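Join the two chains into one complex using the hints; note that each chain is given alone, in its own frame.
Chains as they are written, first to last, in this note's numbering: chain A, 1 to 275; chain B, 276 to 557.
Note that these hints are calculated values from the structure, not bench results.
Keep in mind it's a predicted model, so treat the numbers as computed, not measured.
From the three backbone atoms N, C-alpha and C, an ideal C-beta is built for every residue, glycine too.
One or more of the hints may lead you astray.
To be verified - Not everything, but these chain A residues come out facing chain B in the computed CB check (under 7 Å):
1. I2
2. F5
3. V17
4. R43
5. S44
6. G69
7. D70
8. H93
9. A178
10. G179
11. F201
12. L218
13. A221
14. D237
15. C240
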Amino acid sequence: MIQGFFLPASIGGRYCVLHRPAMASGRGVVVIPPFAEEANKSRSNLAAVARALAAEGAHVLFVDLFGTGDSAGDFGDADWSAWTDDVRLAAAHLRALGCARITLLGLRTGCLLAAAALGAGVEADDLVLLAPQSSGRQVLTQFLRLGAASELGADAAARIDTRARRAELAAGRSIEIAGYTLSPALADGLEAASLELPQAFRGPLAWLEVSSAADAALSPAARIAIEKLQAHGLAVDAQCVPGPAFWQTQEIEFVAGLPQTCVRAWVGLAEKAGA
Amino acid sequence: MNAMTESIREEALDLHCEGAILPGVLARPAFVSAATGVIVVVGGPQTRVGSHRQFVLLARALAWGGFACLRFDYRGMGDADGDARDFEAVDADISAAIDALTDAEPAIKQVVLWGLCDGATAAAFASARDPRVGGLVMLNPWVRTTQGEAAALVSNYYRGRLLSAAFWRKLLSGGLDIPGRLREFVVNLRTARQHAPATRDLPTRLAAALAARRLPVLLVIAGRDLTGAEFLAAAERAPLATALADCPLTRVDVPEANHTFSSARWRAEVEAATLTWLRSQA
Numbered sequence: 001m002i003q004g005f006f007l008p009a010s011i012g013g014r015y016c017v018l019h020r021p022a023m024a025s026g027r028g029v030v031v032i033p034p035f036a037e038e039a040n041k042s043r044s045n046l047a048a049v050a051r052a053l054a055a056e057g058a059h060v061l062f063v064d065l066f067g068t069g070d071s072a073g074d075f076g077d078a079d080w081s082a083w084t085d086d087v088r089l090a091a092a093h094l095r096a097l098g099c100a101r102i103t104l105l106g107l108r109t110g111c112l113l114a115a116a117a118l119g120a121g122v123e124a125d126d127l128v129l130l131a132p133q134s135s136g137r138q139v140l141t142q143f144l145r146l147g148a149a150s151e152l153g154a155d156a157a158a159r160i161d162t163r164a165r166r167a168e169l170a171a172g173r174s175i176e177i178a179g180y181t182l183s184p185a186l187a188d189g190l191e192a193a194s195l196e197l198p199q200a201f202r203g204p205l206a207w208l209e210v211s212s213a214a215d216a217a218l219s220p221a222a223r224i225a226i227e228k229l230q231a232h233g234l235a236v237d238a239q240c241v242p243g244p245a246f247w248q249t250q251e252i253e254f255v256a257g258l259p260q261t262c263v264r265a266w267v268g269l270a271e272k273a274g275a
Numbered sequence: 276m277n278a279m280t281e282s283i284r285e286e287a288l289d290l291h292c293e294g295a296i297l298p299g300v301l302a303r304p305a306f307v308s309a310a311t312g313v314i315v316v317v318g319g320p321q322t323r324v325g326s327h328r329q330f331v332l333l334a335r336a337l338a339w340g341g342f343a344c345l346r347f348d349y350r351g352m353g354d355a356d357g358d359a360r361d362f363e364a365v366d367a368d369i370s371a372a373i374d375a376l377t378d379a380e381p382a383i384k385q386v387v388l389w390g391l392c393d394g395a396t397a398a399a400f401a402s403a404r405d406p407r408v409g410g411l412v413m414l415n416p417w418v419r420t421t422q423g424e425a426a427a428l429v430s431n432y433y434r435g436r437l438l439s440a441a442f443w444r445k446l447l448s449g450g451l452d453i454p455g456r457l458r459e460f461v462v463n464l465r466t467a468r469q470h471a472p473a474t475r476d477l478p479t480r481l482a483a484a485l486a487a488r489r490l491p492v493l494l495v496i497a498g499r500d501l502t503g504a505e506f507l508a509a510a511e512r513a514p515l516a517t518a519l520a521d522c523p524l525t526r527v528d529v530p531e532a533n534h535t536f537s538s539a540r541w542r543a544e545v546e547a548a549t550l551t552w553l554r555s556q557a
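Okay, chain B solo, but in the shape it has when bound (with noise of 0.2 Å):
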């Protein structure tokens, strides 16, 4: 059964994994769809339908430029069956979406993983596994250690917060528990200076995961954003850098943006970048 616009369709999927079922939806240009279909790898605590419905809009602007577009929710997620999973556990959910995916749309030759926040680092790793994924758009992506966010938070938050009216006008009216921010802000200096683990973290598992296929990515960052902060900062250092510096990559920045570009402004400029960089990957 169809929703049917003028020239998209939705239609529902429900996809099959390890006995769970897991439910999503398809949408596709009415003609014809791309060689390159489009798979949404959700995030945090959020369904297939995204915050503020940014992954059922994505989808149909996707579809509206000519490319198929999946969602759906991974195991314990949303309406999907099965237990809670980190987004670490989910390889064989995008493999289930992938097989969904190119069997709805025989057309389809390759499929980029579209994730936002952990769904861009669970994106990254199922890439590195399946020879299927042809490129990944990563917004804000998640690359959180300890010492990261320290660091981001000193860099990017505190800086925001002593440039912020808002701020002052709270701290002069008493409103701020002025000692304890201070400790915290101490703190955070701490841990931000102290050298990284030895141990396998994040960053480096994602750079690993980049290494092994250097597909292109379109990597978006939202100018307001610890999360994106901390991956830019990640970013800039060995081996994250080193991985990325050997992938066709395009920055797209969304200065004003927040974590997860919680306006109609904001979700137009990534649809746009998606739509203009899978263009440019044709």
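With the rest of the complex left out, here is chain A (with noise of 0.2 Å):
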């Protein structure tokens, strides 16, 4: 059963989908999307792991952020302090539905957004990284580029300049790339971000990867994060995922693999905290 409603918060509501499960665990998640254009494009998908989840005994709680989605506000208006305080009303939400243990599930920019809830006091019990992207400053760079290529046209140089754009932000004025307006406060946080997790969290996490090459494996810069988290003490269920990237293709591409798999790295985390 889905619904979705607006969670009061400040400046605004926040736009909320949750699935409920016929058979309540106890467990909850929050799914935060990734950036910009991407959390439309992934949604469909998104909701598949969602009703996975749910069918698993999952509370599921999507949360628009905001300016973003459904929610209230202007994507140009959001700034990244905003969306982790967005994190933390979406948990706060699942434990009020009964939910005692929490798990973030991102995709892609969604992990540094769960990174940083985590680093900014969110409680969360453990984490599911779909896609991860480990470097705030490198979805800036995309962007930038994505916002330089689109003004050279379909057929741009490889290499794109984004030098104009930065001076622009460090001047402190917005700039708009494909329709979003990028606030100089949005692109600070987002360069700062990074897939760092406070001491504090011990809880274990899932690394799904998903690609597309016919051997699909983790990536070598997905390893060595990895054993970066690791080396940290914490427990990684890393593993890849056959499929396109779905958060980019022009049309709508479900992955087959990624509901069930997802439902059992995540099973997988309670039974490892158990352990």
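This is the structure we're talking about:
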């Protein structure tokens, strides 16, 4: 059963979709969307993941961050700390619904925001990181390149200069990219974001890559990031799901194995914590 | 529960369609709504939010202007339950949205369907069958046929390319596959010059849908969009030309805009054109 509603928050409500389980397990999952257009493109696949998790007993809550999706506000007024507050709000709502154990499930930039939320004191027991981006700086650069590319037309040269746009931001001016107004505040928050987790977070985490390569396997960058997390004593269940980069394909493409892989990883997190 | 701004309200409104729940959001004026309500029929790979939140911002602008506006995901899209479906199989979903909008706003006497791309075409199909629909706003309507696409490419895309500085820079720097591009051009030119097939293609079916009710239409075309160009080409020929001639038609061009109007400026032009037209229909 799904239900849409607005959660009251500062400066207008946050639109949420709640997937209710038939048999509640006391576990709740906050879905943290990726950045800009990726949030739209990935929604159908994430909804399929949410349905599969709800079938296993989870309360799954999508929260549209301030200025994104159906939530109040303009994208141009959003910043990173407002978004971590929204994750806090969503987690608190799940606790109010009786969820004793909370998972943060992020996709792409949503993983960076999950880490930031933990760093800001949001309490969660475990993490599911879907196709995580490990550097906010890289996210910002890619977004600025997208803007420069669309200005030059589809045949844009491979080497795209983002300096002019960075200069605009540095001068305190917002810029428009692919229909989104990016404020200096949000750019700063993104630039500083990383996957570093606070010492207080001890919970296990699942790291799921999505790759359309024939011999889909974890990327070298992912392996390095995972080893770093393990070196901090965190249990990491890393897997690769075969499928297209569904958050950026032109048409909606469903990754058939994604929902069940997520469910298995999510079930495994609680078992790890119990062991 | 409401998301409040000063003079509009946004409310979650979950629709029910043949056993599936379709999440929707209704934006409406805080006080009195006009007798015409608007439903956004989502097209392409989009959800009720729209690319760069186009539909969210449109709905807010319309509510500011006095018109209630409902957006929703049809079955199989975004958050909605059900199997993914083609834009030609969403009549029941649109009908459920009209039910929900008229229930939520009893003052609404007629509904305008607003659609972009194949959402525009789906809106026209639905209007032929539902007497509650009193008008259509169609942006870059989707009438893709193999010939039409090739013709639009030849007349619009290649001509634009030949005048584009970036194209020539790339050509001179050796960054283009010249023989490949030439082959592609020749194939497109040939396809464009073939005769239309005898089957009822999309322009013909759209013409039949428009002719069924002869509703007022606001047609908005982006100048830098192949889908829009293809529609204009199809609209010069029977039967679509005839059908459009019989509809009270208002046309607005946004010359610099791309397919999804991906800039605050272009979105604002679309919002203003929609509001002006809605008021002229009252």
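To see whether the hints hold, each was checked on the structure:
{"no.": "1", "hint": "I2", "result": "holds (5 Å)"}
{"no.": "2", "hint": "F5", "result": "holds (5 Å)"}
{"no.": "3", "hint": "V17", "result": "holds (5 Å)"}
{"no.": "4", "hint": "R43", "result": "holds (5 Å)"}
{"no.": "5", "hint": "S44", "result": "holds (6 Å)"}
{"no.": "6", "hint": "G69", "result": "holds (5 Å)"}
{"no.": "7", "hint": "D70", "result": "holds (5 Å)"}
{"no.": "8", "hint": "H93", "result": "violated (12 Å)"}
{"no.": "9", "hint": "A178", "result": "holds (6 Å)"}
{"no.": "10", "hint": "G179", "result": "holds (3 Å)"}
{"no.": "11", "hint": "F201", "result": "violated (29 Å)"}
{"no.": "12", "hint": "L218", "result": "violated (28 Å)"}
{"no.": "13", "hint": "A221", "result": "violated (28 Å)"}
{"no.": "14", "hint": "D237", "result": "violated (27 Å)"}
{"no.": "15", "hint": "C240", "result": "violated (25 Å)"}
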